[in-house]
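Asks: Input sequences plus hints: build the corresponding full structure.
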Amino acid sequence: MESQRINILLQKYFEAETTLAEENELITYFTSGEVDENLKMYVPMFSGIKELLADENPGLGDDLMNHILESEHREKLRYRWMWQMVTGVAASGNAGCEFLRQSKPMERHVYRS
Amino acid sequence: MLARDFKTDVLPISNKLLRFALQILQNEEEAKDVLQDVFLKLWQKRDELGKVENLEAFAIRMIRNRCLDLIRSRRTVSLELVKKNRQQEEDCSDADYLENTELAGLVKRIIAELPDLQRTVIHLRDIEELEYEEIAEVTELNVNAIRVNLSRARKKVRDEILKIQNYGITENKHIAAKVL
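Residue numbers (the numbering used here), protein chains in the order written: chain C, 1 to 113; chain P, 1 to 180.
Below, in silico cross-link-like pairs of lysine-lysine (DSS-like), each with a Cα-Cα straight-line distance of 25 Å or less: (1) C:K12 <-> C:K40; (2) P:K156 <-> C:K12; (3) C:K50 <-> P:K163; (4) C:K50 <-> P:K155; (5) P:K41 <-> P:K7; (6) P:K156 <-> C:K40; (7) P:K45 <-> P:K32; (8) P:K45 <-> P:K16; (9) P:K32 <-> P:K7; (10) P:K45 <-> C:K76; (11) C:K76 <-> P:K7; (12) P:K16 <-> P:K41; (13) P:K155 <-> P:K16; (14) C:K40 <-> P:K155; (15) P:K51 <-> P:K16; (16) P:K32 <-> C:K76; (17) P:K163 <-> C:K12; (18) P:K163 <-> C:K40.
What follows is a set of in silico ranges between Cβ atoms, one per label pair, in the way DEER data are often shown: (19) C:W83 <-> P:N144: 51 to 59 Å; (20) C:M85 <-> P:A145: 50 to 58 Å; (21) C:Y79 <-> P:T8: 25 to 33 Å; (22) C:I8 <-> P:T8: 34 to 42 Å; (23) C:D63 <-> P:N166: 37 to 45 Å.
If you only want the chain P side, here are some residues facing chain C, beta carbon under 10 Å, derived: (24) F6; (25) K7; (26) N15; (27) K32; (28) Q36; (29) F39; (30) W43; (31) L103; (32) G105; (33) K108; (34) I110; (35) I111; (36) D126; (37) E128; (38) R147; (39) Q165.
Source of the hints: derived by calculation from the structure; they are not laboratory data. No residue lacks a Cβ here, since even glycine has one placed at the ideal position from N, Cα and C.
Replies: Take a look at the structure:
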């Protein structure tokens with residue numbers, strides 16, 4: 001009786017007409033260890049799919065968050081370095097202008113004399 | 001979106017996204033790079049993520065686009081890599097899988113050899129358990145086209161596994177006949 005239902009579900013599955021619940025039912029049946037002899041040929045397919053479903057790396061989320069925070073930190077350092085460069089250039093520019101401004105009256109004085 | 005929400009809503013789908021990237025690229029290092037890029041972008045745009053209706057489908061589409069870009073650039077830059085992958089595939093024949101008890105590896109390999117759309121659709125449905133509407137959002141196909149591609153993909157996976165099983169039986173009979 002059950003194998004009849006599974007046969008119908010299989011037909012629907014291969015026509016892409018099953019629901020997710022029905023697909024889970026197929027996986028549960030074919031990985032139960034109690035499969036009808038005539039349907040055993042489908043065991044590898046559904047067992048393989050079940051194994052793929054469970055393929056998880058529990059630390060992946062933490063690794064990604066670390067990568068994100070490190071990238072942000074690097075970016076902040078880069079901006080800080082750029083800001084220091086800009087302010088450094090501006091400061092030396094100012095100092096240069098100030099030097100010229102102060103030296104000009106002396107030059108004028110020299111020319112006059 | 002707050003950093004706390006990002007951790008609870010976005011980070012848990014990372015395994016799903018990595019599996020999908022791996023399925024497309026068939027290269028763990030590249031898949032992880034793509035995943036990191038996409039997560040960094042999601043993090044930088046976290047203030048706008050609240051407006052996204054289906055975050056999972058949105059992120060999967062980002063992964064798919066990024067992977068396809070990478071494949072395109074890979075094709076234009078390096079033919080060597082293609083040759084290398086082909087050689088590896090040839091070295092790893094179906095007969096090896098008869099001795100391989102890891103069925104996930106077998107199914108994964110058969111799915112990897114499917115055409116792009118069939119591969120994407122079967123992965124999203126059978127491994128990531130997405131609804132048809134969500135797959136439509138990722139692939140920008142209509143539900144009918146998705147069903148057609150999924151049906152073809154499932155039948156091909158079934159036929160390949162049956163072919164390998166039958167080959168195993170024939171081989172075993174051949175060995176048994178030799179022994180007798």
